[in-house]
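Q: If you read the protein sequences in the order shown, they are chains V and D.
In terms of this note's numbering, the first sequence is numbered consecutively and its last residue is 358.
In terms of this note's numbering, the second sequence is numbered consecutively and its last residue is 349.
These are calculated hints, taken from the structure and not from any lab test.
Hints should not be assumed to be uniformly reliable.
[Claimed, not checked] Computed cross-link-like contacts, DSS-like style, restricted to lysine-lysine with a CA-CA straight-line distance of at most 30 Å: (1) K71(V) x K300(D); (2) K300(D) x K68(V); (3) K71(V) x K53(D); (4) K283(D) x K300(D); (5) K53(D) x K257(D).
[What the hints assert, rightly or not] Distance ranges between label pairs, derived from CB positions: (6) S334(D) x T300(V): 18 to 26 Å; (7) G104(D) x K68(V): 41 to 49 Å; (8) S255(D) x D279(V): 51 to 59 Å.
Ideal Cβ placement from N, Cα and C applies to all residues, glycine included.
Each chain is listed here by its residues.
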Amino acid sequence: MARMTMIEAVRSAMDVSMERDDDVVVFGEDVGYFGGVFRCTQGLQAKYGKTRCFDAPISESGIVGTAIGMAAYGLKPCVEIQFADYMYPAYDQITQEAARIRYRSNGDFTCPIVLRMPTGGGIFGGQTHSQSPEALFTHVCGLKVVVPSNPYDAKGLLIASIEDPDPVMFLEPKRLYNGPFDGHHDRPVTPWSKHELGEVPEGHYSIPIGKAEIRRPGSAVTVVAYGTMVHVALAAVEEMGVDAEVIDLRSLLPLDLDTIVQSVSKTGRCVVVHEATLTSGYGAELAALVQEHCFYHLEAPVVRVTGWDTPYPHAQEWDYFPGPARVGRALAEVMEA
Amino acid sequence: MAPRKTASVSSRKTAAKPAKKEFTGSNIAEFDRDQDLKAYREMLLIRRFEEKAGQLYGMGFIGGFCHLYIGQEAVVVGMQMAQKEGDQVITAYRDHGHMLACGMEARGVMAELTGRRNGYSHGKGGSMHMFSKEKHFYGGHGIVGAQVSLGTGLAFANAYRGNDSVSVAYFGDGAANQGQVYESFNMAALWKLPIVYIIENNRYAMGTSTARATAQSNYSLRGSGFGIPGMQVDGMDVRAVKAAADEALEHCRSGKGPIILEMLTYRYRGHSMSDPAKYRSKDEVQKMRSEYDPIEQVKARLIEKGWATEDDLKAVDKDVRDIVADSADFAQSDPEPDVSELYTDILL
């Protein structure tokens, strides 16, 4: 076991995968010589050469399209989209080519690509460097969508994603790169080196895509979250002194609905939390599923805590961010109902 | 671990040379008898297939989109005659001719047009979306220009694997104005990828003529900013296409990177079945048909040189019509896909 930040864990996943399989290539903007804007690919070009880890021009559509062609021929490209916000020029390729090539070729061709993309706020990037576009992916059949919340999961899930035969959108919450951010922006972040989930095996392991993890067992209310919001939810639950069960989805597509249904059937109350904007966000899907599957167990309406329906603001980042106070208010609301 | 491969993706080793030195287009080859007969048969198969598809569409057996390749047959046939086993083909939505030229079965293509169980995509793709791993045909893509990046990725895979294959990526004069085409050009030139970009310039992007859509209508120059050589080819003369293809494929196989062939061609029918083609004159179409038809050119040559009699060619036509009629029968009698197919092949 080693102590790793999420950056190191992601890098280790790519390293292990490249070591094991010559077909794995890593590329994207600044990922080769520079080592990635967040340093996730640092050292990989030196170790594996410029043919396997290399810089691409600033051409997201071309990058993703090229990766799809590589994958159709049998390579396994692991692409870094420098920020999730930069994926929009490639959205055509993602939705209409990557997600559908298996379906329309009747399984003749597949698309084993991974698009890694730093997501969410946390660096005052404003509206073009802070977005959480996961719902734009979960709305597309033919994609898998993964959001890790800690280094251990990040490595195991990224290895599983690279080995997966289908296209995986791998969203890395940049707020978690260096520590388990609990939403208290005015307090220093605890480094991963002091967190048990910063313990990461150095070798190969994988975590199945589509299995949620219960981060805190409880009986009074279920909190469904993923990525950064897992840590915010845990902080809010402690502060409120509520016996909540906190579920870390880890994968949004496929979704581990069983774990959610079992939990809500037990607690009868549910709060859904994400950083992305409210309207038509992934939380809407979760709320709908909970009411479909747990309606007769529910003691209170399902409540969503999310970013506001505004562009991600620069100066007011912490007013936008659904921190522990807002999650706490939602917990109080469902408990009173 | 040392990478297996040869083609460097290092940006320091780039710079394809200027067009003229690299690519002359000077080897205009004559065809021998076998080549002309082969070209005749292949082009005729596409033409008869497309005529039948048009009929079936009119009769209501084919729904949705159906883009006919009639008039442009010399382009894919000439290219295919120059290609080697393993070279990948990828194209847009006017794709029936490409599939037939690749050797895909007429039955499977026609049955996909009618949306039947034994169509190449089991009815999930339709006219614009068919594939064959066996024949190295990578689709069949309905989004204008999107396939160009995929073709670039195929070329990357060839370079990475160190094989001798070339990716042949087709797109039209309309797609040539899409941004991602230039992203692809840049990457292909930067990494010296083995790809022939084929711009099938049939003069109309749906109903918009090149004159109304583009500031530079010499599409062979479109790669010049990246140092990609290109040339204009008489896309109505299968021999000219084959000669240009030979040179372009050799250029790619010898490690010189990408190349562009602009095929000057013409489609006789509308863009799709719902297009009455009022944006051009009947005289224009008639002139192309009567003076430049790719099949008639070969036919005249075969007769003139005494390589075939009218009867010989009628026999070829009959043979081709039989194949097409069989595919049409099959495409009408093959069952529709089971409703359970709806949810297959979405994810593994």
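Q: Look at the Cβ atoms of S255(D) and D279(V) and judge whether their distance stays inside 51 to 59 Å.
A: holds, 57 Å
Q: Hint check: K300(D) vs K68(V), CA-CA at most 30 Å. Holds or violated?
A: violated, 60 Å
Q: Given the hint that K283(D) pairs with K300(D), test it: the Cα-Cα distance must not exceed 30 Å.
A: holds, 24 Å
Q: Do the alpha carbons of K53(D) and K257(D) lie within 30 Å of each other, as the hint requires?
A: violated, 42 Å
Q: Check the following: the C-beta atoms of G104(D) and K68(V) are separated by a distance inside 41 to 49 Å.
A: holds, 42 Å
Q: Verify the CB-CB distance for S334(D) and T300(V) against the hinted window 18 to 26 Å.
A: Distance hint for S334(D), T300(V) is violated at roughly 50 Å.
Q: Could you grab the alpha-carbon distance between K71(V) and K300(D) and see if it respects the 30 Å cut-off?
A: Violated. K71(V) to K300(D) sits at ~52 Å, over the 30 Å cutoff.
Q: What's the verdict on K71(V) and K53(D), does the C-alpha distance respect the 30 Å limit or exceed it?
A: Violated. K71(V) to K53(D) sits at ~51 Å, over the 30 Å cutoff.
The structure fails to meet hints 1, 2, 3, 5 and 6 from the earlier list, while all remaining hints are met.
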